[in-house]
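Chemist: These are the residues of each chain, in order.
2 protein chains.
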Amino acid sequence: MKQLKFGIIGIGNMGSGHALSIMAGKVPELNLVAVADRRETRRQWAQDNLPNVKIFNEGTDLINSGLCDALIIATPHYQHPVLAQEAFAKKINVISEKPAGVYTKQVREMNEAAEKSGVTFGVMFNQRTNSVYRKMRELVQNGELGEIMRVNWIITDWFRTQSYYDSGDWRGTWAGEGGGVLLNQCPHQLDLLQWICGMPNEIQAFALTGHWHDIEVEDDVTAYLKYPNGATGVFITSTGDYPGTNRFEVSLEKGKLICENDKLTLYKLDDSIRTICKTSKEGFARPEVYVEEVETDGENPQHVGILRNFARHILIGEPLIARGEEGINGLTVSNMIHLSSWLKRPVSLPIDEDLFLSELNKRRAGSKAKKETGTDTTANLSGTY
Amino acid sequence: MKQLKFGIIGIGNMGSGHALSIMAGKVPELNLVAVADRRETRRQWAQDNLPNVKIFNEGTDLINSGLCDALIIATPHYQHPVLAQEAFAKKINVISEKPAGVYTKQVREMNEAAEKSGVTFGVMFNQRTNSVYRKMRELVQNGELGEIMRVNWIITDWFRTQSYYDSGDWRGTWAGEGGGVLLNQCPHQLDLLQWICGMPNEIQAFALTGHWHDIEVEDDVTAYLKYPNGATGVFITSTGDYPGTNRFEVSLEKGKLICENDKLTLYKLDDSIRTICKTSKEGFARPEVYVEEVETDGENPQHVGILRNFARHILIGEPLIARGEEGINGLTVSNMIHLSSWLKRPVSLPIDEDLFLSELNKRRAGSKAKKETGTDTTANLSGTY
Numbered sequence: 001m002k003q004l005k006f007g008i009i010g011i012g013n014m015g016s017g018h019a020l021s022i023m024a025g026k027v028p029e030l031n032l033v034a035v036a037d038r039r040e041t042r043r044q045w046a047q048d049n050l051p052n053v054k055i056f057n058e059g060t061d062l063i064n065s066g067l068c069d070a071l072i073i074a075t076p077h078y079q080h081p082v083l084a085q086e087a088f089a090k091k092i093n094v095i096s097e098k099p100a101g102v103y104t105k106q107v108r109e110m111n112e113a114a115e116k117s118g119v120t121f122g123v124m125f126n127q128r129t130n131s132v133y134r135k136m137r138e139l140v141q142n143g144e145l146g147e148i149m150r151v152n153w154i155i156t157d158w159f160r161t162q163s164y165y166d167s168g169d170w171r172g173t174w175a176g177e178g179g180g181v182l183l184n185q186c187p188h189q190l191d192l193l194q195w196i197c198g199m200p201n202e203i204q205a206f207a208l209t210g211h212w213h214d215i216e217v218e219d220d221v222t223a224y225l226k227y228p229n230g231a232t233g234v235f236i237t238s239t240g241d242y243p244g245t246n247r248f249e250v251s252l253e254k255g256k257l258i259c260e261n262d263k264l265t266l267y268k269l270d271d272s273i274r275t276i277c278k279t280s281k282e283g284f285a286r287p288e289v290y291v292e293e294v295e296t297d298g299e300n301p302q303h304v305g306i307l308r309n310f311a312r313h314i315l316i317g318e319p320l321i322a323r324g325e326e327g328i329n330g331l332t333v334s335n336m337i338h339l340s341s342w343l344k345r346p347v348s349l350p351i352d353e354d355l356f357l358s359e360l361n362k363r364r365a366g367s368k369a370k371k372e373t374g375t376d377t378t379a380n381l382s383g384t385y
Numbered sequence: 001m002k003q004l005k006f007g008i009i010g011i012g013n014m015g016s017g018h019a020l021s022i023m024a025g026k027v028p029e030l031n032l033v034a035v036a037d038r039r040e041t042r043r044q045w046a047q048d049n050l051p052n053v054k055i056f057n058e059g060t061d062l063i064n065s066g067l068c069d070a071l072i073i074a075t076p077h078y079q080h081p082v083l084a085q086e087a088f089a090k091k092i093n094v095i096s097e098k099p100a101g102v103y104t105k106q107v108r109e110m111n112e113a114a115e116k117s118g119v120t121f122g123v124m125f126n127q128r129t130n131s132v133y134r135k136m137r138e139l140v141q142n143g144e145l146g147e148i149m150r151v152n153w154i155i156t157d158w159f160r161t162q163s164y165y166d167s168g169d170w171r172g173t174w175a176g177e178g179g180g181v182l183l184n185q186c187p188h189q190l191d192l193l194q195w196i197c198g199m200p201n202e203i204q205a206f207a208l209t210g211h212w213h214d215i216e217v218e219d220d221v222t223a224y225l226k227y228p229n230g231a232t233g234v235f236i237t238s239t240g241d242y243p244g245t246n247r248f249e250v251s252l253e254k255g256k257l258i259c260e261n262d263k264l265t266l267y268k269l270d271d272s273i274r275t276i277c278k279t280s281k282e283g284f285a286r287p288e289v290y291v292e293e294v295e296t297d298g299e300n301p302q303h304v305g306i307l308r309n310f311a312r313h314i315l316i317g318e319p320l321i322a323r324g325e326e327g328i329n330g331l332t333v334s335n336m337i338h339l340s341s342w343l344k345r346p347v348s349l350p351i352d353e354d355l356f357l358s359e360l361n362k363r364r365a366g367s368k369a370k371k372e373t374g375t376d377t378t379a380n381l382s383g384t385y
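Protein sequences appear in the order of chains A and B. For the first sequence, full-length UniProt numbering begins at 1 and goes up steadily by one. For the second sequence, full-length UniProt numbering begins at 1 and goes up steadily by one.
Heads up, a few of these hints could be off.
One copy or two, either will do: identical chains are not told apart, so a pair holds if it fits within one copy or between any two.
[Stated by the list, open to error] Pairs of lysine-lysine residues, derived as DSS-like cross-links and limited to a Cα-Cα distance of at most 30 Å, are as follows:
1. Lys362 / Lys26
2. Lys263 / Lys135
3. Lys90 / Lys116
4. Lys90 / Lys344
5. Lys254 / Lys2
6. Lys226 / Lys368
Hints in this document: simulated from the structure, not taken from any laboratory. Remember, predicted model here, so these are calculated numbers, not experimental data.
The task is simple: from the sequences and hints, build the whole structure.
Modeler: This is the structure:
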């Protein structure tokens, strides 16, 4: 199979991991030809570890070098849409690390640019490759269990210390990250939530800032979700709890799914509980429940799986697991949670993107992070995210 | 041991159960001498099943008969404080079924009357006798695990069909019950919540009325709780879900407790995670967690346990498990959830009891239930609650 000439912009935690996977031959469809990072220590790391790979200071220079057919953007959040649009203009295929961006207005522009360019646009939603979540999606979406009635995701196993936030002056700041646990830790879960259950259309949320840490952004979040069909739910997350919980429960008309400890349990009914509710003559009806641990294919290729799929989509038309354009969905949920918390009222779809941005910008303006980390240049802080 | 001469007002589901327990000798401290019920079928049942027990139509007549040292009130909710105060005036010891009443203003008056009378006042919080909850309370309250950080109780295993609500014209109505799942199904959990974790001091809640059933009152509730120390939590309940969940999770500084399927699991740390958060040099610190299923004494005497304790308190001064005066706490949480849902804003302690009552009365005035079920007489509907 032909290989794609591949570039990586930002070789911090995530980018360097991708580089090593490719160098180790785990993504045979990609040939790593170039990397970029503004930080000297990371470029030195590249020199030492990535033989025959061209090293740039600036992502823009990598994009303009003509060396790459495709690239991944693994810089701080605000830069994802900026660099993606530069690459689309050069007809380079792009995969973006999560989140797609910090505010949907910018991501919407990126999506439009992607469509106009005609190149492939992907997003690193590696959790979509987890067999448990794939199976959960299949069971929810194939209709056999009927409509969703309730969604509870308690995802509090993101414990981070103060020293984590102190490790980079962009961390935990509105200017540097544009948010806290929602933007940094939860993009996967917010994507899976909508990928499996569809988009909530109204949210009232309580995002507490600096609750467990000395940071500007949220580290304790409870969101109440309402769905178009009347289902309700909660999404609860935190970087202060330990040991945390990761328990994702979806109640449907004909059964309940619980995903906890990498195990998916199905509680299945013969008939819809909505029908039984309306027609049973018994006040305390207790229809039989069939409990089973759901078998999956067990495959969980994560980042390598997404990179291979992205490359094979370009090379041989394999269906894309995570279209870049879908990155806006989880981010929309994140933006709704923030906006509702700021305004102290429910927020419905479609959200007022200008209002969100003006509220975000108020917080960026008051941020203690270096201002340049929030501007339109690649941050000089890559390497620590 | 001396026996108390005992009366039961309201011999529906609960009252008849208590009567049979006493007749079977399960509560040796009590001698059942009188019952009252306005419904002919229930009095006939008493005639057939309760030999040598005096039968009254009216609770008031039982109270005034001079036959009883102590009695239990097992009528519809609104009547609990009314009858209790009549009994206090006659120096009769009283145990009330849950909830203590429908609105705290009325319950506060009942509590004041109880104190003034000097008799014993208890409340049927039989779940306080469950060894798992007793152990959970001990572990939270003895301080070894530090302060509470998060409380999540998903208690959705209250499935009821439409025919349940249709079985009495007071059911599911503001005039008849004064609320739905919060007043009828959840008083035990709302009491345990505050008994184990203390009172939340602010609540914003979403009590959806008639969401799963054709009823006036709430059958789907999500409440966001804030505690004085900064802890947060959710309380989620419904009579529409099936199979439901009963999962009570409390995160503390030095461990986490999860109560599910009658099993209590403790995840214990050596040090406070708050200290580790502030002092660890590791950004991703993962201190060791010791997991154990907590052993309890296994005793769970429920209603009989509460009745025996109530009697033994009067007879020999045994400490009371569930003081009547504490019934106001869970009801306050319930009233806060309703008031917040009605006003669509957070409600803090102390709640505005007059505002609550005026909002409740608006709903009672528009209720389709027979007006007399909400008045100051014993409802003619006992026997079906």
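Chemist: To test your reading of the hints: which numbers does this structure violate?
Modeler: Hints 1, 4 and 5 contradicted; others consistent.
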